[in-house]
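Sequence lines, in order, name chains X and Y. Everything in the first sequence is counted per the working numbering, starting at 1 for the first residue and increasing by one. Everything in the second sequence is counted per the working numbering, starting at 1001 for the first residue and increasing by one.
The hints are simulated quantities; they were obtained by calculation from the structure and are not laboratory data. This one's a predicted model, so the numbers in the text were calculated from it and none came from an experiment. Just so you know, even glycine gets a beta-carbon here, dropped at the ideal spot from N, CA and C. Be aware that a few hints might be false.
[Stated by the list, open to error] Under 8 Å between C-beta atoms, here's a sample of chain Y residues computed to sit facing chain X:
(1) V1046
(2) K1084
(3) G1085
(4) Y1200
(5) L1365
(6) T1414
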Amino acid sequence: MQWEVVIGLETHAQLATHSKIFSGASTAFGAEPNTQASAIDIALPGVLPVLNKQAVEYAIRFGLAVGAEINPRSIFARKNYFYPDLPKGYQISQYEEPVVKGGMIHFLVEGKAYQVRLTRAHLEEDAGKSLHEDIPGATGIDLNRAGTPLLEIVSEPDMRSATEAVAYAKALHQIVTWIGICDGNMQEGSFRCDANVSVRPLGSDTFGTRCEIKNLNSFRFLESAIQFEVERQIEVLESGGVIIQETRLYDPDRDETRSMRSKEDAMDYRYFPDPDLLPVVIEESWVNSVKDTMPPLPQVLKERFISDYGLTDYDANLITSDRGLADYFMAMTSNASASPKQCANWVAGELLASLNRQQLAIDKCPISPNKLTQLIVRIEDGTISGKIAKTLFDILWTEGGEVDQLIDSRGLKQVSDSGAIEKIVEELMSQHPDQVAEYRAGKDKVLGFFVGKAMKASGGKLNPAQLNDVLKKKLAG
Amino acid sequence: MDISSLSVKKIKQLIDSKNISTVELAGLYLDRIEQLNPQLNAFVTVDKDKTLSQAKQVDQLIAQGHSNALLGVPIAHKDIFCAKGWLTTCGSKMLANFVAPYDAHIIEEFNKSGAIILGKTNMDEFAMGSSNETSYFGLVKNPWDLTKVPGGSSGGSAAAVAARLAPLATATDTGGSIRQPAALCGISGLKPTYGYVSRYGMIAYASSLDQGGLMAPSAEDIAYGLNIMAGHDERDSTSVKREKEDFTAQLHHPIQGLRIGIPEEFFSEGLDSDVAQAVEQAIQELEKLGAVRVPLSLPNTSLSVPVYYVLAPAEASSNLSRFDGVRYGHRTQDYRDLIELYEKTRAEGFGAEVKRRILTGTYVLSRGYYDAYYLQAQRVRRLILQDYLRAFEQCDVILGPSTPTVAFGFNEKTSDPVSMYLSDIFTISVNLAGLPGLSIPVGFGKEHLPVGLQLIGPHFSEAKLLNAAHQYQLHTDWHQHLPAGIAGN
């Protein structure tokens, strides 16, 4: 039988606010356990939550970025369950009225366009962490993470393969980092996915029973977990079994998913509106002011780069894959002294290669956009050759310095003085009479030999076009 | 000095005129507490050293020429308010060892105003009860008759004020927990409008109904206290942003023409005749002062008790989840695993009434019951509010008995929770509507036990309620009567 895979994702994006969603405690990662847990985070008797407005603003930004409806009146609810790292015995989340409704994520897989509908995105607080390994014979509780703001983004079951799911997750990751609401650090748990996976006979219009795989914190795990789960479900069904609706965990060491709890022991969370918090009212004026501060989205920039600057689809994609890279490129093109196309070549080529080699983020790039522009200007005005430019780029990268100063002090200027070139050529011809004879006997390839020798003698600084002309003239006799 | 007749106003005068120091005055109250509290059990924590050291600091401020609203005025705080460095038990074994590491908003405000903390008062466990019989720290006795309950849940504050162990006490009211004990103990008690007093640092029972307030002999005393207690606090999202108000400013206004609404439902079956009689006399007294009687109806009154006993337990079941033995408070001795830690800790730490409400609340929020109970109760809650809003189109204040009976005996109602719940029949609807309610003493019923009159006003009409009560108290002396045997010393 042919099977069709159905996937929906729930993604938790940790919002990059400085303080927690309901307390003033810091959200910085990696502090000593419980040093960033206030009276509110540890749920002392009598404390009350106060909503962090920044978290709501980030949710609005997200809603605008994905073309969703911003709910003018959303409601915080309590999700009740007991766990030691959940200090209040309930999580404050949104249930019936989320802050963001609907929306759409667009992405490409091998050049083909896909769209995935979003159901909703809602604000909630994260729980703390149970530390099972650190204390022998006991479980430690670290509440630093308790109360960290999360945006839970829920998709419709619109994906049909692990590849699509990963492409969707990457597109979502690009958006949340692009609009600055999430640092996107998957290792630190800032962006993690739960995948709802089911299979059905191809052509069927009802969904199969689904399993939810929790807490996938890398794109690779997401892909492997779904692939494993799809194969497992098909195997069960083809051997006459049934899928039980359950929550499963992915074990990356064994590359398999394991059952965590079945629907029978699914908890009744007894949601009800949190009486400590008023409904979140979002006036249109607030939405509009957030709109004014939104950066242009990658898709918009990409199209602008192609139409305004004639960039290739490939380069435009590459440059808009990261907000920092796009900002860098736009900083280069803003003073209009170098051709945007050349700028794009350098950003997508030398710069990106160097960043990747050293695993640097663009904001740690040792060469400023301004300097790289100056370098390109010096290529375009003939001061340096393209080859020398790469040498200069390396110097700027490792040692720093100013473009023009380095060209002077390191003698990188291109030699365009025909007298000087002629002198070098004449000298070479007298040193290699045999090769001159060969050329004159019709062996044109020997020209390359002389170009190489001349460049070597000059340290690569001769203007290549001029050198060619001089050589041809002189060799011809 | 006989402190049993001191009002807040009088204390301010004595302190201002340097007739008595803060330390001396606090000492007199501490002596009286030492003498009478063993019989009454109104205080669960008294700490002389803390009290006197706070008084000493205030005396230094006075010596430096500082002045402040309640400088040197002693106050007792219900043990539901977190006070830094003080045991804050909420009447429960669960928090019997809990020393609050921070101050509730209202504690901060009273400390800033120069008031002196006399101690923490007894209460029904987690404010769940109408007789103070659910406290882990034992019964509180009614100063008017030591065989009777003081009412609850603020039974300790009520008994303390009635016996003049404190001139002023904080309390909280979720379904009547200020007004009912105030009535049963013959003192004045105000539950302000929901949102007027910050809940920050007040241990939550039912968040949408809980409201801090005050108890004192007279409405005037309460006005002085409310000046400190009411006001916006950004740490409580339900705290209302309003200009600070001087509640003493309107006390002297005449009440000529005040329209007093008398709802027929408050004078129906279940109301004892002795209570009805005292309340009727009080209404006539107000009429003599120029008030005009307006008969009206609050048709959904009878639904208020069932609505309350769905909503309050629902919120409580969630609010009390934090008491799990993990971070503070009681933790069971032996446990094999996490589930047993939770089960034993909570089984040992909570009393029967708290468990009953947690179970009820968990039930009404459960899948399949939520719509029928919780949502339906929310709908009826809105109807009850609408009853009141309609009534206030015809009148300025609504009057009625605070309780259907005078103080009852210990164990009289403990075996029948519903009859206990019905003792709050006249007060609960006020919490559901978020309105201010004030109970004042208006005489005595059977066995010479006090009767309370309840004044209910529109949202934020505290000044009006206190004004009417003060005018009444200028012409009567019920609020100055003292329980026999404890008068003077």
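Structure-based check of each hint:
Because the smallest distance between the Cβ of Y:V1046 and any Cβ of chain X comes to about 21 Å, over 8 Å, the interface hint for this residue is violated. Hint status for Y:K1084 relative to chain X: violated, with the closest Cβ pair at about 11 Å, above 8 Å. A hinted interface residue such as Y:G1085 counts as satisfied when its beta carbon comes closer than 8 Å to some beta carbon of chain X; here the least separation is about 14 Å, so the hint is violated. Among the interface hints, the one on Y:Y1200 holds; its C-beta lies about 5 Å from the nearest C-beta in chain X, closer than the 8 Å criterion.
Below 8 Å, beta-carbon pairs count as interface contacts, and Y:L1365 has one with chain X at about 4 Å; its hint therefore holds. Given the 8 Å rule on beta carbons, the hint for Y:T1414 is violated: about 26 Å separates it from the nearest Cβ of chain X.
In terms of the numbered hints stated before, the structure departs from hints 1, 2, 3, 6, listed from lowest to highest.
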